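Input sequences plus hints: build the corresponding full structure.
Letter 156 of the sequence shown, counting from 1, is numbered 156 in my numbering, and no numbers are missing.
Keep in mind that the hints were calculated from the coordinates and are not lab data. These numbers were taken from a predicted model, which means no experiment stands behind them. Backbone N, C-alpha and C fix where the C-beta goes; we use that ideal spot for every residue, glycine too. Be a bit skeptical, because a hint or two may be false.
[Unchecked claim] Label-pair distances were calculated between CB atoms; the ranges are:
1) G234 with E92: 21 to 29 Å
2) T54 with S79: 16 to 24 Å
3) D90 with A235: 22 to 30 Å
4) R170 with E66: 12 to 20 Å
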Amino acid sequence: MHTVAVLSLKGGVGKTTVALGLASAALRRGARTLVADLDPQGNATATLNPPMTTSSLTAVLDTPREAVVADALAPSGWSPELDVLVSSEDLELLNEPGPDSRRLDNLARALEALRARGHGARGQGDRPYEVAILDCPPSLGRLTRSALLAADTALLVTEPTMYAVSGAERAFEAIETVRQGPNPRLQSAGVLVNRMRPRSYEHHYRVEELRQTFGRAVMPTAIPDRLAIQQAQGACLPIHEWKSPGAHEIGLTFNMVLAKILRSSRAGRHRLPGEPDDPSAQPDSA
Numbered sequence: 001m002h003t004v005a006v007l008s009l010k011g012g013v014g015k016t017t018v019a020l021g022l023a024s025a026a027l028r029r030g031a032r033t034l035v036a037d038l039d040p041q042g043n044a045t046a047t048l049n050p051p052m053t054t055s056s057l058t059a060v061l062d063t064p065r066e067a068v069v070a071d072a073l074a075p076s077g078w079s080p081e082l083d084v085l086v087s088s089e090d091l092e093l094l095n096e097p098g099p100d101s102r103r104l105d106n107l108a109r110a111l112e113a114l115r116a117r118g119h120g121a122r123g124q125g126d127r128p129y130e131v132a133i134l135d136c137p138p139s140l141g142r143l144t145r146s147a148l149l150a151a152d153t154a155l156l157v158t159e160p161t162m163y164a165v166s167g168a169e170r171a172f173e174a175i176e177t178v179r180q181g182p183n184p185r186l187q188s189a190g191v192l193v194n195r196m197r198p199r200s201y202e203h204h205y206r207v208e209e210l211r212q213t214f215g216r217a218v219m220p221t222a223i224p225d226r227l228a229i230q231q232a233q234g235a236c237l238p239i240h241e242w243k244s245p246g247a248h249e250i251g252l253t254f255n256m257v258l259a260k261i262l263r264s265s266r267a268g269r270h271r272l273p274g275e276p277d278d279p280s281a282q283p284d285s286a
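Following this line, the structure appears as structure tokens:
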């Protein structure tokens, strides 16, 4: 199971949109997928529309036993191949940024319990998860640090604004701190620019600013600003199932982003079965 932490340092940049887009791309590949919604706002949980659960990630992060994890896990409304570890507002109580490391590794333990379990929320001999996506809150508090401790890859989401460079610098520092400490396998997938307007001089200027600072760490593909994203989320559908030219464009972009994540040099062992060498060769029928 390859685990991807999707993070940002401020709200409103479309971090959850990216997490859900990656989940949609994983489903399109036929990968058994898990989304853990660590954001107390619970937007990913709402869009994935799972049935009510008797627990949430708050309980899991306190007691990561298999029975507790099972109570917080539900099948999504998108597909029987995608499950959700659901969010709740009281997750915010666990997000204080203090130095206390208590429970920081509990998310990693919970994911390991799911890996060992070998089946999903339906409990009917489902395939093991191949991709886990951790939707972090828009901060570097304890919830995001828990995700970095549990992840194989960290993906930073930003908008093309004047604050992008400073935010990316802080995020890379946090990733490197975790990599040099408790999670040496953690790798950065780089910076993904979201809500890009191709005709905006300001947006192109800010992306170039990011590239001058971070070079190849800035992904060559950006997520365009399209109404189709809001339409698909409003209908609680994967972007690959929304029928419009804009949705098709975005779906192809998320395919390429997920392919890059799964093909990183140190994540080769996590490559999905049958995945072609060229990301652009991945078929899409959206």
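Going through the numbered hints above, which ones does this structure break? Give me the numbers in ascending order. When the structure is compared with the hints, only number 4 turns out to be violated.
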